[in-house]
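Visitor: What follows is each chain in one-letter form.
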Amino acid sequence: MNQNRQKQGGIRLLGLTAGLAACLLLVSVQSVGAQRVPISFGDYHGYGGTVDYIQRVAREYSSITELVEIGRSTMGRPIYVLVISRMNNGTTIDRHVELRNPRREGVNNVTPMKSYHGKPGIWIDGGTHGNEYTGTEVSLYIIDKLVSGYGSDDAITQLIDENAFYVCPIVNPDGVYNSVELGISQRQNSMEVDDDEDGRINEDGPDDLNGDGKITSFRYPDENGRFVIDEEDPRHMRQLGRDEEATAQRYSVVREDRDNDGDGRRGEDSERGIDVNRNFPEGWFNDEPDGKRGGSGYYAASSPEARAILEYFTNNTNILLVQSFHTSGGFTYRPFARWPDSRIAADDLAVLDQVMGVKYKELHPDEENPDRLWLPPYRGDRPYGFGIFIDWAYAQYGAFSMTTELWSWSRDTRGLPGYNGENDRNIWSKALLDYQETAFDGEIFVPWQDYNHPDLGRGQIGGFVGTYVGGNALPGPSLEHVAEIHWQFELWKAGLLPKLEITEATAETLSNSGGTRIVKVTAKVENSGQLATHRSGGARLAGNRQDAIWLIGNRDRVEYLQGGAWQSLGTIDGVMDIPAAEGGQGGGTGRRTAASAGQRRQAQQMPPNLPPQFRQQWLAQFGGGDQGADDGNTREVTWLISIEGNSPLKLVLTSQKGGTKVRELTVR
Amino acid sequence: MHTHNSLRFLPACLLAVFLLTAGFEPALGQSKLQENPGGYHGELDFPWSWKRYYSYAEWTQMMHDIQDQYDHLADIESIGKSRMGRDQFLITITAKSTGAHDTKPAMWVDGAVHGNEVNGIMCSLYLMWYLLTQYDYNTFVHDLVNSTTFYILPGLNVDANESFVSFPNTANNPREPYRPEDNDGDGLYDEDQTEDVDGDGQLSNMYKEDPEGPLKLSDDGRAFIPISSPEEAVRRFIRIGSEGYDNDGDGRINEDDIGGPDPNRNYPFDWQLQAGWPYTMSEPETRNAYEFMRTHDNIFATFHYHNTGRLIMSAGPGGVEAGAQAQQATGPYGMGRGQQTTAEQRLAQMREENKYAQYFERTVAPEYRHDFDVQTEIVTMGARILKNYRPSISSWRGTGQAQVNSYGMLGAYAYLIELWGSPAFAADINNDGRVSTEETLLWIDTELHGEGWITPHPVQHPDLGEVWIGGSQKKHTQRTPPARYIEMEAQKNADFVMYVASEFPKVEIDEIEITPEAGNLYWVDVTVKNDRVFPTFSDRDNELGTAIQDQLNFSSSGNVTLVEIPDGMTQIDPGINASRAMAVGTTTHEFRLRGQSETTFRYLVQKSGGAGWVEVTVDSFHGGTAAMRQDIR
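Those protein sequences? They're chains A and B, same order as listed. Positions 203 to 870 (this note's numbering) are the ones given, in order, by the first sequence. Positions 5 to 637 (this note's numbering) are the ones given, in order, by the second sequence.
No lab work stands behind these hints, which were simulated from the structure alone. In this text, all values refer to a predicted model and were calculated from it rather than measured experimentally. Ideal placement from N, C-alpha and C gives every residue a C-beta, glycine not left out. Please note that the accuracy of each hint is not assured.
[To be verified] Covered stretches of chain B (in silico footprint by chain A; criterion: 3 or more residues with CB under 8 Å from a CB of chain A, positions within the stretch not fixed):
#1 180-186
#2 281-291
#3 383-394
#4 551-562
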């Protein structure tokens, strides 16, 4: 399959005016940046353009990026994640622990960890719904800001040094390809589905009837039509008000399409398959006695796209923040779409609504009604949907997750002369008609031309190209405006990630006899980041674990007398003062405590046959719960060890979502 | 479940109809029919020892060889690869001469979804071997292979299956597919597995001398036993655990063994994270199996072999939250509401006639009553065939288990078999129903000629110093039977699978009766029946909305026309209640035939001129097709 297939009906280039304006707008940010892979937002990139761009970025910035193919779409197109993180400064626990005497069978099922697995992760995706490719553009914008800011912008450089950004610009390649490259809007993936249940698959999609390479509209005279030709601008089809009397000829306006299978319907069975964002295993069900179900697909994770995401997250457990870009409406919602807020831990609800939500509203001012920018999706007693990605990411994976519905045409339009933000689609459309002639070279509007429709008779084909004037941000200044706000939000969120350090480490000799020393090792650990190393209760989820610290020496010479080779640290808080929550599970604490973060292990009875040399360690690990529980954002850990002769010593702090840090020790 | 048109059953069935009506012996007759129970039944036509376990290479080669020999009855394919790249081979068995596999109702059988439960592989292979070698000799098998398809996946979890058979392991490991998992929360994955420390090819227990230990060596030196009195002056030991090293130096041994999620909690129906991590159908091994099942909508029932404990767990609507109209299930032996007898009394009463009788006290919603009754009858026969197996109807809530998933997602009747168990039948001397250590040792000494026990012996351990290893059974004396019992177990289990397949629905037209009404009007009464235990589709299939209804089609000679009377229940003889019939006024009518039931349909026709005829066909997705013509003179 040729991924770089020249798209049909795409506009060639952003008009000069808008391009210049964009450059001027951004000049202050970019002046020191090294944009080695130029990108502009005067047109959508589609699947081919996106792949081309991220491949070039991965080549140009190989020291801070890795391009990973995480799976293939239904039609076999690769799904890519671009990991952005400095590649040579991270470490992981598997590089420090020496394994001895392995099984002779030699099964090789464990792959070495990536260096960035030792850093806190933030996930950003777009294009889960194929026709919501504004999210793809915003993802590319963020990639550009990150890689070209590295080395020139201190804040960005530090974030890339210390964290891992996982950007997946297109979760659903087939949907984006069909929507952008072919101009056939497709929200779903391309799994084979008989949409109209007529026994045939994909037999009636939209058609480019006049062969101009674009899917536009067909209008035809219809006494029950809802449109008239606008009195001022005959290019514009004005929609009639509810009870408006029309003096002019009434028209119906439908998509450029015909009835391919003769069933009396047009476009009822295109290549569209299932909704990937209803195919995740949280809130998906098919288990009611009466056969009721919620969610899409034959079963949760049945789509190759959802499965690719799930598998990748399973193998990258360090992600703490998840952002999924959709369109449209211009607002963000957080979990749960399936359940009421009483299912969310109170502290998490406070972090989401009262910290992240407040910041989002600040960055994206809406003076009229700021509350419409940040919403809980579950209203009253009605679920918004089943099997939603961000619900899964929060509930089952343990990340703070949210979905942004990018783009409000009335609030986010920029650089459109003659339009002042009025909530009137007619004004907006007519302003765009004039503007597009210069800005888009007239490419996003097709003048009405007579056409004799095989099913509907005489009329005209023409109007706006749906790819550009539908639910997606208008390329150029509007798209850049939307992208810049959300880049700022991601930049701010990445700054909330945990920052773990071993702040102090001492090894003090208590006694020395015959070359064997008894040594007390003390380590202090601190999280100076805003967020804790897990969301509330996150460590308890299957696949997750608590933070741990290893003391590693020469195994032949070091014996652990108190405290084992590694000790559990629980979940280490961040420095954030969590506001008192309203609602949520367990009530608000007003301040995160280790208790609310959850203890994975309960105190247990020591097994009676445990060898003496293991008892101390068992107690440290299981007997008294976790060391330093309830210590907020710091921990102090001690060991008593004996060292025969000399041994190097090092501490390895390993937190699943808080990063891995190493510190060498010298015995005093 | 059903995406195909049910018409694809037609060719095979029409052929059968033709052969029967033409009065021929089927051309596919048995060349080597053996009716003498003491005679030769084909077992040496494909010689194979059922008295050992096989490596993956061996048993998959055997599948290929037997398919090659019986290629008119079998096809082999790989349904996908395991995590470590092994093919999951599935064999399809049906007589190709009577129709393609997907035109017949099918039985799915899989074995050893848990890696260590490899007797499931042997039972699956045995069923395959039995069906193929007996086909020419045994009428029952012949008919079954002609009318039914068997999809058999002997080893589902092939990576762990292979490890269990070919490498030193305890009876319980490895169990899961090889997805890496951090069991101990230290940040490392699968880093501390079991090892055969003494290199004897067995994985036993480790003990260490400890002055405070609670154990001592028995007098014969074969086992570690508890110390009877605190004052006893003997060498004391503590048990460390299974054989292995401290691979990661954390002071613990074998704390992060290979493998990830329980594969039998990985299926989508009622899946839950904590049991089925990381996500539904995350493992290639389970996903390949389920995708095959899901896309073969002719699968009517599924078997899933596990061990241990000798259980028949049929998936059913047990535990379903019944609505206000819920009734008490009656089972085949019936128990009306309001009766005073308890379930135990009722069961005791039933068992006076049939010692295998089963009665499950359960509240079942009315729309699932038939499934509950059907499963009760099937597992009652299961208890009869498998003898000391305990049947049950398992919970509706299966947290991602395969058999509950087969029923819940696909509407297929499903059975989980826990094979084998304690060898009490051979080893229990004092008849208390249990097997003590002494009885086990005696059983090993007599039945197994001493094989199967590891005598404790001292070994130098790099982490622990001197340890004693032994004092335990070898792996094939516990959850998997010793070689000599493999066939015994496999044979009766094959019998049960074949019994279940033989009860798949089969529609028949019993008779067409013509009764003159007034003038040139005639009543045509058609009796359609299904003698099998299973209905033509399950209650669950019906409730899922995926069932294809049975179809009754009416045709006639040109001079006979159907009178469009309204559909509805009617009585053929107003004086006899039992003569109820469904009046039908259209040429096509949809209905459902339950198990062991018959339904009479009544048409009213008008004839002009001389003799004419009516013909009725029944077309059922799982139950096949039947047709009958009757002249009207």
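Visitor: All hints are to be evaluated individually against the structure, with a verdict given for each.
Guide: Comparing the hints with the structure gives:
1. Only residues whose C-beta sits within less than 8 Å of a C-beta in chain A count toward coverage, and the region 180-186 of chain B has 5 of them, enough to reach three; the restraint holds.
2. Counting residues of the region 281-291 of chain B whose CB lies closer than 8 Å to any CB of chain A gives 6, which reaches the minimum of 3, so the coverage claim holds.
3. Given as covered by chain A, the region 383-394 of chain B fails the check, having 0 residues with a CB less than 8 Å from a CB of that chain where 3 are the minimum.
4. Chain A is given as covering the region 551-562 of chain B, and this is violated because 0 residues of the stretch bring a CB closer than 8 Å to a CB of that chain, at least three being needed.
In this structure, the hints that do not hold are numbers 3 and 4, in rising order.
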